[in-house]
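From just these sequences and the hints, can you work out the full model?
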Amino acid sequence: MTIGVLVDVLLALSLVGLSLQVVTGRALFRDLVLFILFGLLIALSWARLGAPDVALAEAAIGAGLTGALMLMAYRRLAAGGAADVSPARRRPLLALPVAALAGILVAIIGLSAQGVERVPDAAGTLVLQELSATGLGNPITGVLLVFRGLDTMLEMAVLLVALLGAWAVLGAAHPGRLHQVDRETPLVSALLTTVAPVTLLIATHLLLVGTDAPGGAFQAGAVLTGCGVLLVLTGTVRPRAAAGLLTKLLAIAGLAAFALIGVSALALGRAPMTLPGMWAVYLIETAMMLSIALTMTLLFARSRALGPEQR
Amino acid sequence: MTEVVHPLPIVVVLVSLLAGLAIAALGERRQRLRTVLNLTAAVLKLGLVLWIALLVMDGVVPVFRFPLVPGFDLLLRADSLSILFASLSAVLWLVTTVYAIAYMEHYDNRARFFGFFSICVTATMGIAMAGNLLTFFVFYELLTLATWPLVVHTGSRAALRAGRTYLRFTLGGSALFLVGLIWLYALAGTQDFIAGGSLGLLELDAHASLRAIFVLIAIGMGVKAALVPLHAWLPTAMVAPAPVSALLHAVAVVKAGAFGLVRLVADVFGGGLTAELGLGLALAIAASFTIVYGSVLALGQSDLKRRLAYSTVSQVSYIALGIAIGGPIATVGGMVHLVHQGVMKITMFFCAGTFATLLGVTRIDELDGLARRLPWSAAAFSVAALGMIGLPPMAGFVSKWYLGAGAVAVGQTWVVAVLVASTLLNAAYFLPLVSRMWLRPAPDRWPGGSQPSAWVTAGMVVPALVTAGLTIAFGVLAGSTLSPLDWAIAIAREYVP
Amino acid sequence: MTSTTVYLLAASAVFGIGVYGLIVADHILRKLLALNMMGSAVFVFILTVAGVTPEGPDPLAQALVLTGIVIAVAATAFALALMVRMFQETGLTSLQGHDGDD
Amino acid sequence: MTTEALTLLVFAPLAGALVMVVAPRRAAAPIAVLSLLTLPPALVPLTRAVRAGELVQLPLAGFAAPLGIVWRVDALAVTMLLLSVAVVLLVSLHALASFPPERESGQRFWPLWLILVSSLHALFLSADLFNLYVTLELVTLAGVALIAVRGEPAAMRAAMRYLLLGLMASLFYLLATALLYGQTGTLDLYLVGERLEAGGLTAIAVALMATGLLLKAAIVPLHVWLPAAHGKAPGPVSAVLSALVVKAALYILIRLWFWGGGGQAGEHAALLLGVLGALAILYASAAAIAQRRLKMLVAYSTLAQLGYVMLLFPLASAGAYRAVVFHVVAHGIAKAAMFLAAANLLRALGSERLQRLAGAGSRHGLDVLAFALAGVSIMGLPPSGGFVAKWLLLAAAWQERGWAWVVVISVGSLLAAVYVFRVVSLAFAQPLREPERAASAGEEQGRAQLTSVAALLLAALAIVLGLASAPLIALIDQGLPPGMLR
Amino acid sequence: MTVALAVLLPLVAAVLVPFGGRVGALGRRVAAFAPLALLLPLMSGERGEWRWVLLGIELAVDPWGVPFVLLTAIAWSASGYFALRGLGRGSWGFWLGWSLSLWGMVLVLLAQNLVTFYLGYVAVSLSAYLMITHARTSAAWRAGRIYLLLAFAGEAAIVSGVLVLAGHYGNVSLPLLATPDFAAGVAAARWPLFVGFAVKLGIVPLHVWLPLAHPIAPVPASAILSGVIVKAGLLGWLKLIPPQGLEAAASAPALLWLGLATAFVGVLLGLTQGKLKTVLAYSTISQMGLVLVAYAAYSLQPGDARWLAAIGLLALHHGLTKTSLFLAAGCAPGASGVRRLLLALPALSLAAAPFATGYLAKGWLGRAVAAGIDAGALASISYTLLTFTSAATALLMWRLWLLALRERDAEAALHPAWALAALAALTVPWLYAGASDLLIIPTVPSVWAATWPILVAGAIVLLARVPRRPGLTLPEGDLVVVLEKLASRIAPPQLPAVPSVPAGARLLSTLGRSLAGAESLLRELPMVGLLMLLISVVVWLLLWL
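Protein chains in written order, with the working numbering: chain A, 1 to 311; chain B, 1001 to 1497; chain C, 2001 to 2102; chain D, 3001 to 3486; chain E, 4001 to 4545.
Careful, some of the hints might be misleading.
Pulled a few chain A residues facing chain D out of the computed Cβ check, cut under 10 Å [unchecked claim]:
id, residue
1, PRO52
2, ASP121
3, VAL169
Per the computed footprint, the stretches of chain C lying under chain A, defined by three or more beta-carbons under 8 Å from a beta-carbon of chain A, are [said to hold, decoys possible]:
id, stretch
4, 2002-2012
5, 2071-2079
No wet-lab data here; the hints were simulated from the structure. Keep in mind that this is a model prediction, so the values were computed, not measured. A virtual CB, placed ideally from N, CA and C, is assigned to each residue, including glycine.
Have a look at this one:
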């Protein structure tokens, strides 16, 4: 057993331990924090497994963004005075059989998955073989945009549905009643002035390298979302009641660009979802990044639109 | 007999369907147009049926075929047996429509009522012309669905309860019917109706299965034909308006069941196979039991319509009895009773409805002296009652004659005892009514009723007189060409050469 | 025992724990936490089960996981929005009890 | 032609949704109508090709199976698409009135609605396990959002429950996908079917996937979420959820089982699925009878009707396949009609308590008629699509000597009669009081009539399906699963 | 044409009588004298055949049927003439019954096939009810009920027999039934038909309706009921179960004893009665016993047309005589000497006094029985007993006489119809006998044989001093009263039974009600399902085994 494996084992054990804590814990806020920790450890595992793209995405989205959304929701509940009204009740009659069954399931899955042997001509191998034809250096981006573009496009649709759905259930309540960090606090203003441009830069970088190296629209979008979240939290931008045309356009940009280009292939006599060239990759990636960022920020802010503070 | 592809069968079916839809769509207020439409459709249908009858008399069997489910066509085929039932329905429908227009004068939701009324005749026509069991089943179910709204028309608690009971029985029966149908299909494939039975030709060596199939389908039919103990819905359904009762009892529902039994025995299994499987005797016993049981129960009813209902239970089984006994003569008896029971029973229900509407008379002990107020209706009722008892020269006698003689001819003499018992019981529960109406003094005040216009009164009395006239005519003129009897004999010749 | 196996087993375990949490937990937020952990476990599982190519983990699997993560966050975001609105309307953060169907 | 047709089926509604998000309100209605009206023409070349015996395949972006995603259209897919387009068009007619696109409610509703349609079509076209996952998620999310679109508390609770369970089911499915990919190295369903070998791994994969799908399809006892979700959703949404969305999960299950090698799980599993179906039929029918709210009753009826589909697994014959697919279509149409009618009655009466229905027959005749006609099909009475389906299923069960199934089917349709007639007879009952609401304005009245017409059209279609079943059955027969002989 | 006229005239009358005014009056006249139209086919000898009516109608006068036709034509028209007085517009029910029963009687008389006969028979039976209940009193209702009950009991037996015959031969031509080829079917139908017709004839113990119905009906109706309509039963025997072959001969003794018993029982019961018409009714029962004796004797030599003619003669004699006696009962027979004479002569004739028509008819009866005794088929004592029936009849006539003397209401006018009927009773049988070679030339032994029973009766009257009032009075209808009491004990009438249902039927209705209780249980949902399944399973099982 090498050191690496030992680290892996420790990591795995912590994952299991954390998840147990989260599930069985009593204090919701603490468990939320533990969940974010869990996300970070997962990201670490990704890195250990040699999947930097995923690690990046997990850190930014799985742990960061999800965690932020959860915390925000928790605060909203707490503001309504109901955060911890229902600590996990002990219901052994339910819990014990569920636990037993889940355990059995885990055992079956774990044991049978041991037997999996990699198929030599698996689709993943084919991806590597066919990658050169696409002009992309990063096989993952190749899969996401070229080989299985439809998945990605529909994923953008999922995002749009989440946004539209959230708008639909937004209700008549005033969009923003957040407890806001005081912008005049020195630290905050410093943060704002430095972090915002930096994140923008990182996002652009991630987007651009994504074609050849770890990174891409998702990660870039997540980073950009972080910036947006910050702006919202500091009140630099404020939620608005009605979405303007720009907001809407940005929200659909990723999906629209992908769909438009995907369909336009028909005009060229190609199969739909065929990308006409690298420009299309960049265009789609950019549009997706913007859409993701805007969508997630809006979801975070629970609002239809964002804009500078109005006097 | 040559089969010719012809649109007439489907046209006949569609005429009333379209009329029904149009009537329902017209809405409540267009009363005059509705009446015109009703009568036009009824007359048109009668004309079309006569047209088909003429074709059939020329030896042409019009056929309309349309694929329904794989292996089974929606087959409409107007053979002579179809014509027997179809012409009965068409004639009685016209009469009932006239009656119903008058009777329903003060009811709500008439557009709905007449809409379903017409759809009902659609189903009946489809049943008459069905060329195979599946087609039969389709229209059989349509009939259930179309009659249910009529039964619950008033929407009262009792009506709804009756509707529920009706559905329990009919849908339960049809479930078994369907299973039998499927089984038959699995066993023998597609089976179109053939005179003399299609199954007999196959020489299947599956007697147990065939028996089971017969029983299943016969239960399905037996529910509508009100074979005891599947009859309990019928008396409950009496809460419906009188034209509906007339319809249920005389033309559509019970008759459809009885007609189905005829088809099942004569056209699917065939008399020979039915007898060979021992099913004829079983059915005959069931029918006989029903005949006696229904009559005994009728005797215990003090409500006029309920008494009539139990009488129907008893009378309709004559048809099943005739077909179950087998042999040429009894078959004629069964088939001709299809028509005869129709005209007789519809007369009685018309009259019962008239009594209730005009005088508020619904109970038997309220009938005293009624003939003084409504002599024509009372006369019609009496004629029908005497016919029911089977007294010559009414139509009922002819049926009884053929049934009894047919049973004796094939050695089933015990059937005569059943017929005699039924005759006695019929007399016991009908004659007192006749006697009360004519011979007892009238009360000072009638229980209720309304004083509608002369037209409405005429619309209720004349149809009963017409059918009463038919009751006499079908008996008196039984020996003449084109009488129902003559037609039934012609049919029986096809089946039992 | 390779690290793949370790993560595979861990993923299975977390999946099971997630299922347990999702079913047993009362608070919707906690259910969502469990759900997200289940998701993470499945993603790890995808990668470990798919095996490795000479150039690292199966790229197709990685792409799938990326897609999955975005879908998960989108669904979570919507679920949270729904939860908050529901809380505002009903004051409830749990799905226990009747739906008001008599 | 087929390529364009396929593209249109998915992208037209999607484009409609996107344009509608950004377009001005007054343009919303034309956009919706336009994007939906492109769908029927798209089905023509597909149907024609499939009827000609062709397997329409479209490798997206030009990459064939193991590498890329392939849209594959056989007779089953075309059947589902036909059902989908028919239901969607008529339900949309209802939605045009109940969610006027130019109003706020319509603005929320229509983009989600169109995306739901698009994703359903993508689902029916797809033959890729992961792509199916994505479409399934999309369908679920859009469905949940639509359930909650009016913001009614009860609807939101139902939506929440549906969402949580749906997500869990998706994860089960995804876990199984991972196992299958690991074992076969491909995500293409057909290739998986070819490469899959029997064994523990396959077993657990199929089990997980089936369980996930069963939950999404709300098969008893995994059904708890459905009644409330379908019962509380707005009318058009309930209609499409019951008619199409749950069917989508079953569609995947059938694909997996008979095309994707899932059938290797063996007879016992198939039997279990069948038993669950039987349980669904009996239990849910009984539950439907016990309901006191109209839409809940209809929702339970959906549960019961879904049970029939499950009988395909133990019977596993060409006859059963034909029957079940036909049933899916027949039930889809009838149930959509029923939900629309129920929604109309609910709106008109102001309450969905069954007791309030008394006398509705005379005042809301069209809706009651639509409900009753749809009920005829649900009960499996002729002449209706439901009858043909029941007939085929009974015949198939009989042929396979599945007597128990015969009994279940028969009893199920009797129970269906009980709950359908419970409603219809109440509608015929004498009204308790006259709670006549104030006559609504002309425009509202027009809308109400449009909703009734939509319900009635669907109900009529459910009946017509019984009379014109032959072409559809021929189409279904064209694409029997491999190994099933006609 | 003549046949059609005879058949249709009563129907025309039936249509006319319910109307008021002149139409009704015309109808009543037609109804009263329509029977005379029967004489037309008798003279023309025409056959009427209408195949298209019912199952085929065939009409003709049988070669042996002449006395029956004569009887009907004369007795019925005389009664009709009588009825025209007193029964006007208000009694259209009576007239309807009158016309229809006449119509039926004509059909019965002329029937040449099964359906025709049955049609006529039913018409007679049913429409007689209208005449019986004409009085609308509770006694009339009771009589009507019991009449209907027994009529339908008879009808049940008859329809069974008719259907059996029909099953064998279809709507058979009746004369054929007397031929050997048809013996099998006749044998099969024999007993039900015998019993059925016996009800009409009032053979003991099926006689109970007669003493109730005949007295309660209006006088002319009683006259035809007793004089003519009961003969329909006899016609039934002769037409539908003509005696032929060994089987008939074998049963002849039993029938003979039954006939004698009826003859004596009728008289004995009659002696206990206190009303004129009731006594006459019992007399009819007694006389019908003699008819049965004749039938039994004829059964021994079925081929011998003489005995058949003798039966006809007996019927003719009794019918005319009884008609005149009943008409007498409507005319205060004790009011004047002429009336008493008009009463006494037919009464004596009935007791077979010498030179009277009874002497003629019973002489032939005696010869028939004697022939049977000679052939060794009958016990010799039967002849003696037969002779004693005359004595018994004479006793009964004495009783009648005593009762008649009380009827002195001079207000009741002497109706010419009575006189005519009496005249016919005293002459027509002689004329017929002369025409058909059946004359009995009175000889001293035969006159003595006819006289001594009357003397015996006289002796009994004198010696036993039969009081004016009988020592024992029995209610009218004897047995039926006992039965009614029995029935009412089993099913108490105070129960809310369906009104006007005969006592016996009350039992059935009680049964019906208890079954209705089971019905409501049957309607319940689980029961429905259970039953259907149970039936399927049980039948299925049964068929498997």
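Each hint, compared with the structure:
no. : hint      : verdict
1   : PRO52     : violated (20 Å)
2   : ASP121    : holds (6 Å)
3   : VAL169    : holds (5 Å)
4   : 2002-2012 : holds (count 10)
5   : 2071-2079 : holds (count 8)
Hint 1 from the earlier list is the only one contradicted by this structure; the remaining hints agree with it.
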